[in-house]
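Asker: Please take these sequences and the hints and turn them into a complete structure.
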Amino acid sequence: MSTVKIELRKDQIEKIHEFCDEFNNEHGELINVLHKTQQAFGYLPAEVQEVIADKMRLPVAKVYGVVTFYSFFTMIPKGEFPVSICTGTACYVRGAENVLSEFKKQLDIEVGETSADGRFSLSCLRCVGACGLAPVVLVGEKTYGRVAPDDVKEIIEEYRS
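According to the numbering used here, the sequence shown is numbered sequentially starting from 2.
Hints are computed from structural coordinates only; laboratory data are not their basis.
Hints may be right or wrong, so weigh each one.
In silico DSSO-like cross-links for lysine-lysine, where the CA-CA straight-line distance does not exceed 30 Å [unchecked claim]:
id, residue 1, residue 2
1, 37, 11
2, 56, 6
3, 16, 56
4, 11, 106
5, 63, 6
6, 106, 63
7, 79, 56
8, 11, 63
9, 56, 106
10, 106, 79
11, 63, 37
12, 106, 37
13, 6, 16
14, 143, 105
15, 6, 105
16, 143, 37
17, 79, 16
18, 11, 56
19, 143, 154
20, 79, 6
21, 154, 106
22, 105, 154
23, 16, 63
24, 6, 154
25, 79, 154
26, 79, 105
27, 37, 79
28, 79, 63
Answerer: Written as structure tokens, this is what we have:
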């Protein structure tokens, strides 16, 4: 997968600066700044990380290290409908791997990628706390329980229409 260089507009840079200022540019507030920025932009591309690093007087490597360490942060734009497959113990034992394989096949993407049309992105979660419904799939905020590979096409179609 190739990375695309994005050009930030002046208003976007100013917005990032606002987030940094809101937390007084304190190094210990980096995670809060990243959360707020990702909430606004949807993801944290290298160019956004560079602006944060510059404004907070931090090495870019430090910002990048935090972004890549925590699974919540993403450097890839998420799809309009983020699909998350729970791969916690209960879900895994009850076939989450097969459900995940079917989503990969149907959407023609790998975990961490976004479909060509920008509609779907695919990720895995450790546990969503709905073990009685295993295997569990989340599409945005909607939870699907006891999902079988045969259900995947129907779930996707629900969001395509």
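Asker: Taking each numbered hint in turn, which are not upheld by the structure, reported in ascending numerical order?
Answerer: As far as the earlier hints go, 4, 6, 9, 12, 24 are violated by this structure, in ascending order.
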